[in-house]
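S.K.: As a plain string of letters, each chain reads:
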Amino acid sequence: MGAQVSSGGLLLLAMLLLPLAGALAVAPMRSAPSTAKATALAFALAELVFAALAWRAFEPGAGRLQLGLSVEWIPEFGARFALGVDGIALVMIALIGVLVPIVMGSSWEEKLPEGRTAAGFYSLLLTMQSMMVGVFAATDVFLFYLFFEVMLVPMYFLIGRFGGPRRQYAAVKFFLYSLLGGLVMLASVIGVFVVSSEELGQGTFDWATLVTIADDIPESVQIWLFLGFFLAFAIKAPLVPLHTWLPDAGAEAPVGAGVLLVGVLDKVGVYGFLRYCLPLFPDASRRLAPIVLVLAVVGVVYGALLAVGQSDMKRFVAYTSVAHFGFIALGIFAFSTQAHAGAVLYMVNHGISTGMLFIVLGMVIARGGSRAIADYGGVAKLAPVLAGMLLLAGLSLLSLPGTNTFVSEFLVLLGSYPRQPVFTIIATCGIILAALYVLWVYQRMMTGPLRGAAVLGDEEAPRQPALAGPGAATDPEATRRRAAAAFPDLSKREVGVLAPLVLLILLLGFYPQPVLEVINPSVEATMSEAGFTDPVGSTGGGQGGN
Amino acid sequence: MTEVLAAGGIAQYAWLLVALPAAGALVLLAGGRRTNGFGHLLGCATVLGAFGYGVALFVQTAGMPAEQRTRELDLFTWFGVQALQVDFGVRLDPLSLTFVLLITGVGALIHIYSIGYMAEDDGRRKFFGYLNLFVAAMLVLVLGDNFVTLYLGWEGVGLASYLLIGWHTARPSAATAAKKAFLMNRVGDVGLVLAIFLLWAELGTVQYAEVFARSGQIDGATLVAITILLLLGACGKSGQFPLQAWLPDAMEGPTPVSALIHAATMVTAGVYLIARCNPLYDLTATGRLVVASVGAITLMLGAIIGCAYDDIKKVLAYSTVSQIGYMFLAVGLGPAGYAFGILHLLTHGFFKAGLFLGAGSVMHAMHDEVDMRRMGGLARHLPVTFVTFGLGYLALVGFPFLSGFYSKDAIIEAAFDQGGAAGWVFGGTALLAAGLTAFYMTRLVLMTFFGRERWLGLRTAQNKEYRPHESPPVMWVPMVLLALGSAGAGYLLYSGELLTGWLEPSLGAVASVDASPIPHALVPWLTVAISALGALVAYLIVGRRSVPVARPHRVSLPVRAARAELYANAINEAVIARPGTWATRALVYVDNKGVDGLVNGTGALLGGTSGRMRRLQTGFVRTYALGMLGGSVLVVAMLLVVTF
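Taken in order, these protein sequences are the chains called A and B.
Be aware that the first sequence starts at -16, since it is given in the working numbering, and climbs by one per residue.
Be aware that the second sequence starts at 13, since it is given in the working numbering, and climbs by one per residue.
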């Protein structure tokens, strides 16, 4: 087999290489931070244009994998450098294209740790972007594995070099966890090759070929191979109890990296469930689904309860994500088209909403200098637009109808219900907890009288009335004015960063159908590859699945 | 089942009903301070426009034969996956049009009133933005042609309610009340969405038309589950037992909000939901019985607590809880009561909105004072408010030939008509609560408008004197109009079965099952007599004697229980809030120490000492690179072995 290259495939290749080129171009600009940022943003915007072109070139329903490119890579064991996308991968690549420029904008005035330069930060962001495109565009299992592992490196540096006070600890923990998952997955990757060589006489890593032989693999073998992939994906997603690295990594990561970590990188886990576990090991998926469903639903409730109890706002976001990944995993292992489409849409929406929440909280932290929720209070009075943005991000997080996330969460739950009523009912109760954690954080930080060390500054007057000057420090108006000076409302740059996210939240809330039309044919194909039929409204009529 | 036709004529633009207020909200909220100058006018104009268009639609529909009055208008696909198809579509039928007129009509009056009420508030423009958002969402709720758009409106009004209850952001109690309202509503929402999932699993559709046409295919037990889950949703939104505790707290919002959202429209959405789903409730006597029982419990509970409050708005709030209980009782009676539930909903919309606006006028005059013990003798100072409030009061207590007389009596009669034990229990409860209603409302009017001017010599919390004065015309004109409605609406709608006939295509004909243990002609006069008794007792207690400014603390057990809202909050606190807090804290501890500790412990074990750990960190990437290299060599080696 020689090289097969379509023009769309070249586009994907360009999307892989462009950010890398950008990273190389930006890295040397150590002494010119503004040039570095502007250059990086230019590359990210060009990448966004490419993403739009890829979206246009993709024809929903025309073929399982499109924009294909495949060249010989390691002929000895049939590994090819193969790229291509289905609807599921395409929406994730589009999400990357949208989020990276926004992340760059939000990091524009980030205070970097001593000795770190904007050039380093932005070139790492671009490297990260290239790796993320690669992991979603790979159609060769070995290539996928490679991106899956290499992706860790830029994120390790982003957290470990540019993060908060405990960045070293968080970065290493993140790395160790991912490494463990990756190694186990490697065993399964090799196993897949072995199995394919038994089935076909010649081993292959080609995803599309592997899907066709999936049914011939004995269930016992499938289960072992499944578990290897599953562990890696469950750490990445993450599912409870493998989640404990995420709060640390999310909390210590700089805001921009945190957005990419939770918004995109972790999605590789749930994406892997859907794109690798289900079509490659259908029997094992069916057999082990109850275990995954238990983990998913435990995650929904456990993540939400822990989010309620957090005192650090970035850890709070991380735990809400644990709950949301539970919803996505539920949708994937409920085996219905609606739930699958909902899960894929959820991946996109969660990236947008959590991204916005992270960025808004980053803006709060940039003003107050503290990550502790208790250090803030009554901010809505000082910065009403900022408060409104936090509320909007929060409402999207709790899946209010009219925001993007509602459609995906509703599809997941509605699609899961007919086959898994008990799990779905428990997960549905999670929407109460979601309202609780969002509104409680909003209430504590934004409403009430002005209070908290981060808002009032160090000279918190009421504590030491005796030392305060006559009338001056106790005067509420003076306090308010001082706090207002330290806590300005959103700047034009910040509004510009958030505006696209707000638009997307509302647009995808009321008109998600164009995105669903891209996703639908691919999840329908996944369903049939894995041998499932819909429990409700299926033309076949039979009860598939378990 | 009436046939559903495609909407034509002016009905093709029915989306305008929602689009107008939605556009208003968008302009006012996104426009920021630039729109401060005209914000209130734009806010009123969009709702008035929607009202005008609603009237035109109503006239058009009323001119059609009854079987052509149910029409649908498809707009666009919201989301669709395989067999699931959720559209934005408008269902125009007598039921939804009735609500359109109520929402936009009363809504427009309250918008106009708010121009005056909120004149001193810096955020008036934003307030109108939120009000417009509410009206748009409420119209989505009643106009949607499927359960998912209903849910969209349902949560949309919940959001508007949340924003407006928490309007005074600096007041911690307002923020707490707003959150509580949203959370208790979410508990109900779980019921509503689960009902939708069940309908989907059973019928494979979420469209009203298809669900109602094929509801007979659902087996009995599932149908009971669906109807009870829908009821749970309705209870959350309408402040019905056991989810009633948020509604009185919602009075933290500005008074126009209480009038529009927490009295006339949003809180009646639960009644709408059950009436809308009448084809489902028709099929299950058990489901109906649960609805009626919830209504009966709530109407009693609200009336009892209403007797004990001194806060003028909270008395009205519990009155709302109680009156919606009447509506639930009515729709729980099935075909015998659906239309009467809607009738009471409409008359209540007039008189309760009027009462709240009147209370707002009193507060406006009294520096936002809500404690009736600090009022008294205000009739002389606020003549227009007194007269309009008085009409609303008479309508609520069921004074003969005013609107409450017709609508409440119709429900009590229908309840007795059930016959047997159910008839006695439901009818008797409703009758008794009518007496309590007269008691607490008379007490309220006496304490506020009559007696000694107890505010003389008192000062507000801000140390100001009370100087009661009548509100400006922009406020009292809406009050007058609502008072006229309170007086006349009942007769107009009830006589000649005007409303029941109009609603027939949506709710079916009123099926009276005359099994009443007491003669029909007697019921209205029995109600009047019991109400008069309640009013008399109130007069003897607060009218003849002077009311102490300080609240008496040595009170009887029932009064204490009523003041504690029959311990609903205490129970919530003890059963849900406190154990929840403990559980959360424990989990955070376990997650940090247990789950994480396990992993870190393993790490430490592997690394030996913490010093080693640190060394591992500094050289980590190099180590990893080496590891990867080694690993890759291993992989290639293994693959080569396998291939050859």
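Careful: at least some of the hints might be erroneous.
[As the list claims (entries may be wrong)] Listed next, with one range per pair, are the computed distances between beta-carbon atoms: (1) Gly49/B with Arg463/A: 38 to 44 Å; (2) Arg45/B with Ala4/A: 51 to 57 Å; (3) Leu489/A with Gly21/B: 29 to 35 Å.
[Unchecked claim] Listed next, the stretches of chain A that the computed footprint assigns to chain B, with coverage defined by at least 3 CB atoms under 8 Å from CB atoms of chain B: (4) 201 to 212; (5) 341 to 349; (6) 408 to 418.
If you're looking for bench data, these hints aren't it; they were derived computationally from the structure.
This one's a predicted model, so the numbers in the text were calculated from it and none came from an experiment.
Where a beta carbon is used, it is the ideal one built from N, C-alpha and C, also for glycine.
S.K.: Three or more residues of the segment 341 to 349 of chain A near chain B by CB distance under 8 Å?
M.R.: Violated: only 0 residues of the segment 341 to 349 of chain A have a Cβ under 8 Å from chain B.
S.K.: Does the Cβ pair Leu489/A, Gly21/B satisfy 29 to 35 Å?
M.R.: Since Leu489/A and Gly21/B have Cβ atoms about 31 Å apart, the given range 29 to 35 Å holds.
S.K.: Confirm or reject the coverage of the segment 408 to 418 of chain A by chain B under the rule of 3 or more residues with a beta carbon closer than 8 Å to the chain's beta carbons.
M.R.: holds (count 6)
S.K.: State, for the Cβ atoms of Gly49/B and Arg463/A, whether the hinted interval 38 to 44 Å holds or is violated.
M.R.: 26 Å, violated
S.K.: For the segment 201 to 212 of chain A, do at least 3 residues have a Cβ located nearer than 8 Å to some Cβ of chain B?
M.R.: violated (count 0)
S.K.: Can you tell me whether the CB distance of Arg45/B to Ala4/A sits inside 51 to 57 Å?
M.R.: This hint is violated: roughly 45 Å between Cβ atoms.
Going down the numbered hints, you'll see the structure goes against 1, 2, 4 and 5, while the others check out.
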